[in-house]
Every structure is written in structure tokens, then in C-alpha cells.
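**Q** These are the residues of each chain, in order.
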Amino acid sequence: MANRWTNTLKDNDVTPESAYLNRRQLMAGAAAGVGLAGIGGQAQAKESLEPNSWEDITQYNNFYEFGTGKTDPAANAHMLTTQPWTVRIDGMVDKPGDFAFEDIMKAMTIEERIYRLRCVEAWSMVVPWNGFELADMLNLAGVQSGAKYVAFETLLRPEEMPGTRYRVIDWPYVEGLRLDEAMHPLTIMATGIYGKDIPNQNGAPLRLVVPWKYGFKSIKSVVRVTLTDKEPPTSWNKTLPNEYKFYSNVNPNVDHPRWSQATERKIGGGLFSQRIPTLMFNGYEEEVAPLYEGMDLVKHF
Amino acid sequence: MSLVDRINGFARKVPTWPLYIIYLLPVPWLLYLAQTGGLGREPIKALEHELGEIALQLLILGLTITPLRRYLGINLIKFRRMLGLLAFTYVTLHLAVWVVLDMNLLWSQMWADVWKRPYITIGMAGFLALVPLAITSNNASVRKLGAAGWRNLHKLTYAAVLMGGIHYIWLVKGIQIEPLIYMAVIVILLALRLPKRKAPQRA
Numbered sequence: 005m006a007n008r009w010t011n012t013l014k015d016n017d018v019t020p021e022s023a024y025l026n027r028r029q030l031m032a033g034a035a036a037g038v039g040l041a042g043i044g045g046q047a048q049a050k051e052s053l054e055p056n057s058w059e060d061i062t063q064y065n066n067f068y069e070f071g072t073g074k075t076d077p078a079a080n081a082h083m084l085t086t087q088p089w090t091v092r093i094d095g096m097v098d099k100p101g102d103f104a105f106e107d108i109m110k111a112m113t114i115e116e117r118i119y120r121l122r123c124v125e126a127w128s129m130v131v132p133w134n135g136f137e138l139a140d141m142l143n144l145a146g147v148q149s150g151a152k153y154v155a156f157e158t159l160l161r162p163e164e165m166p167g168t169r170y171r172v173i174d175w176p177y178v179e180g181l182r183l184d185e186a187m188h189p190l191t192i193m194a195t196g197i198y199g200k201d202i203p204n205q206n207g208a209p210l211r212l213v214v215p216w217k218y219g220f221k222s223i224k225s226v227v228r229v230t231l232t233d234k235e236p237p238t239s240w241n242k243t244l245p246n247e248y249k250f251y252s253n254v255n256p257n258v259d260h261p262r263w264s265q266a267t268e269r270k271i272g273g274g275l276f277s278q279r280i281p282t283l284m285f286n287g288y289e290e291e292v293a294p295l296y297e298g299m300d301l302v303k304h305f
Numbered sequence: 009m010s011l012v013d014r015i016n017g018f019a020r021k022v023p024t025w026p027l028y029i030i031y032l033l034p035v036p037w038l039l040y041l042a043q044t045g046g047l048g049r050e051p052i053k054a055l056e057h058e059l060g061e062i063a064l065q066l067l068i069l070g071l072t073i074t075p076l077r078r079y080l081g082i083n084l085i086k087f088r089r090m091l092g093l094l095a096f097t098y099v100t101l102h103l104a105v106w107v108v109l110d111m112n113l114l115w116s117q118m119w120a121d122v123w124k125r126p127y128i129t130i131g132m133a134g135f136l137a138l139v140p141l142a143i144t145s146n147n148a149s150v151r152k153l154g155a156a157g158w159r160n161l162h163k164l165t166y167a168a169v170l171m172g173g174i175h176y177i178w179l180v181k182g183i184q185i186e187p188l189i190y191m192a193v194i195v196i197l198l199a200l201r202l203p204k205r206k207a208p209q210r211a
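Note that the protein sequences, when read in sequence, are chains A and B.
Everything in the first sequence is counted per my numbering, starting at 5 for the first residue and increasing by one.
Everything in the second sequence is counted per my numbering, starting at 9 for the first residue and increasing by one.
Keep in mind that a hint or two might mislead.
[Claimed, not checked] Simulated crosslink set (DSSO-like; lysine-lysine; CA at most 27 Å straight-line):
no.: 1; chain 1: A; residue 1: Lys303; chain 2: B; residue 2: Lys124
no.: 2; chain 1: B; residue 1: Lys152; chain 2: A; residue 2: Lys74
no.: 3; chain 1: A; residue 1: Lys99; chain 2: A; residue 2: Lys234
no.: 4; chain 1: B; residue 1: Lys124; chain 2: A; residue 2: Lys242
To be clear, the hints were calculated from the coordinates, so they are not data collected in a lab.
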């Protein structure tokens, strides 16, 4: 099972967190020295696969169930209880039912995946996730042949989620993928970061990670997964339909109606952090472009 | 002595130059915070927003001078030029952070943003409206333009403040309360000037 996809920059896997930080600081110093020398294109994009610090990853979050500010999730997510946790897998599956988180974990192979994360708000991070391929979890329930899409739902527990008192979006948060996207080896359910249990503000105890799509597609604290033959509704599309569509693939050539998506800034670089070019499919073009062959990506953004 | 008299007496005695220094202290303080993590994991946006908000506050303070005198008899007019120049300084710093730190001098992307993103368009228009006001904020310009001409030119402030308020409302995600409060204050302060328009103005 699993290990169907391996990172091309594998040497990072064995680097301890402290060494990442040292190297990052050296790089930041060098970048400041170079000043505004311009953007290095592909070379810089590879450099940026340097994972962000634990603090960057856990203190700068969008998780509106805990508030709309970037620091709200880190401040409020401690209220969330994640034990016990079950995931209901239902719809077009052979064995629908409630799967205890522990039972899922026993059946899965946990591996590390260092992925870029590109937020639709034009900032990015690199996160060393621990998790398993979504395909393996779906196979626990047995996907039926007629299924075409996968719908996901986040926990809605207002007494533990102060942000849900405001109807910023229509709770609970829901997301969806086409079945082939869901079964792609890059698509994982993350349960950890830097080898530690995933913090609540990052979507404990398990959250989707689809690295070639904008971050909001990677739904957090998942309680339900439904196989269906219809395109499922997605929260941001319901909230602002002209700004967010179903696919939401990272695409530097298709601007958000209110800002450009051509460049992004990696979090954690301080005051003199440089913008870097956004890569098609967030740098995973080689792996996922075949999924969208013949599709008009401007129309289906 | 009434409270108003006491305020006016005190205002007469206070020199303006130390206030320039006090009002500029947030600049090194914010830069220090940005460098030491006090503005969060993404200090560029945070710095940009702080500078913009201070600029808007200073513009609004500038709008209070006339109603305070007209309705309460409090005369703080000697501080108005200072408020205007400080506001312009903060707007310029706000713009500079956007151009240099946020957009990294990516001129073509910025140029596209100015035309395609309404909140940037209106923000830039507001800045441009303030430029002639900053240039003519000196006694020589008042003499050269004449009191009436100078006053007419400086009515551009109203347009600039309104554009600043709209810029703030448009840039946030969805509808948020803080920019709407700023806008309400701006509209009230501008409305307080309306009735006087009908009567001929006395110098």
C-alpha cells in the first residue's frame, strides 16, 4: 500500500527541523543582501521547497470555524476536542459506515510528504505533512463503479468553534473532488506535521491535502466523506460563486477577480521576503496535468 | 474660564513641531515590531495595513478641525497643516511599502492592478489627490494662490478622504465592520460642513 509517489527532492526528508531553520535564516540573509535583484524563476521555486518553520505553519492559518483572522485559529482551536473521532464514509461505497480514527490509522501506511501549499490569497508555505493517500482510505469502504465525485464535510460543533457563530459561510464547511483527483497518489489525508500530531488549527485529527489546488480545497477536520455521481457543492463557491469555482487549481494565468495570481509570497521571510512566481498546478504540472487534458482551465477555474 | 477657553488657551501655547515627532514615532516602532515578529508571521501586509490605517485616522482628524470650531468654538486650526502633512507622509509610506516590500517593484503587475482592481484604483486616485495639497501646504503657496484659491484647491481633501474610506471597505474580504465605522465617521464629518454652503461664507 501507498508509497506510490515520492518527492523529487528526497534529501529534505531526513533533515531535522533545526537544520531547516538554520538554512532558512542563512538564505534570508543572502536574499536581503541581493536585495531586489529580481526573480530567479524555476531555481527559486525549487529553493522554496525548504519547509516552513513549525511556527509559520501553526500560527498563520485560515480556519474560519475559529475566526477569520490569521492568528484566530491558533488562539481558539484548543477548544476543539478530537477524541473520539469518527469519519462517516457513505454514498456509493460497498461498506458504508462510521470509521473510528484509530481504526483508519491502523489500516494506513503513514508517510512524509513535503508539499507546497498555495493559498488563494497569494501567500504560500511548504509543509512537511505526515499522512496517507486518500485512495487507501476510500478503498477501506470500497468505491462503487458509478461514483464520479467525492464530497467532504468539516466538523460543525459551535460550542467548540467560536467562528461558526457568524454566518461568514454556510456551515458546515464542505468541499469536493472529482474521483480521479481524489484517487491521485498526490492526494493525501494528513494526520501530522513534522512528525508530530497535526495541531487543531491545521485540521486535527485528519484533513485533506491536495497540493495542486488552492488551500481552501484541502478541507480540515473531516467528519464525512461521501461518494457520489454528482458534482458536490463547495463552500466558497456557494459564498462567492463568481470568485471561486469547483476546480480551483493553482494557475498563475487565471487571476482572482480582485487580485493577480501570477506571484506569491512565501510566509516566514520577514519584511524583505520576495515574491516568487506561482507555478502551474503549484509545481505539480507533470503529475496532474493529464487529469485536465482538453479542459478549458480559464472557464473551469 | 470656560472649558473651551482653556482648550483654546492651551492650544495657543503648544508648539506644533514636537507633535510632528510624536506622530512619526509609530514608524520606527512598527518597523521594529515587523523585524522582531511583533506583527505576526507575515509582517509586510501587517505593516502596510497599519500605515494605511494611521493615514486614514490623520485625514479624519484633519476633518474635525472645522466642525470643532464651528459648533464648539474650539480653535485648533494651527494643527491642521500638520495633520495634513502627516497624513500625506503615512499615505506615502503605505504606498511605498506596497510598491517595494509587497510588490517588489514588479511594475507590470502593479500597473495591471492599478487598472484592474477597483480598490487599488481608488486608493491610487486618493493618493494623487493629496499630492497637490501636500505641495501647497506652506505659507508661500497660500500667498501665491490667494486665500480663496488655496481653500478651493484644498477641498480636494474631501474627495481624498472618501476615496481612502472606500479603498478600505473594498479591500477586505466580505463585509467587515471596522472599515464601515471609518466610513460613517467620514460621512458625518463631511455632512457637518453642508449647511454652511447655503449661507455666504464670512472670512
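**Q** Does Lys124/B sit within 27 Å of Lys303/A, going by the straight-line distance between their CA atoms?
**A** 19 Å, holds
**Q** Decide if the proposed pair is consistent with the structure: Lys152/B and Lys74/A, CA atoms, cutoff 27 Å inclusive.
**A** 51 Å, violated
**Q** What's the verdict on Lys124/B and Lys242/A, does the C-alpha distance respect the 27 Å limit or exceed it?
**A** This hinted pair holds, its Cα atoms lying about 24 Å apart.
**Q** Starting from Lys99/A, check that the Cα of Lys234/A is at most 27 Å away, please.
**A** 20 Å, holds
When the structure is compared with the earlier hints, a violation turns up for hint 2 alone.
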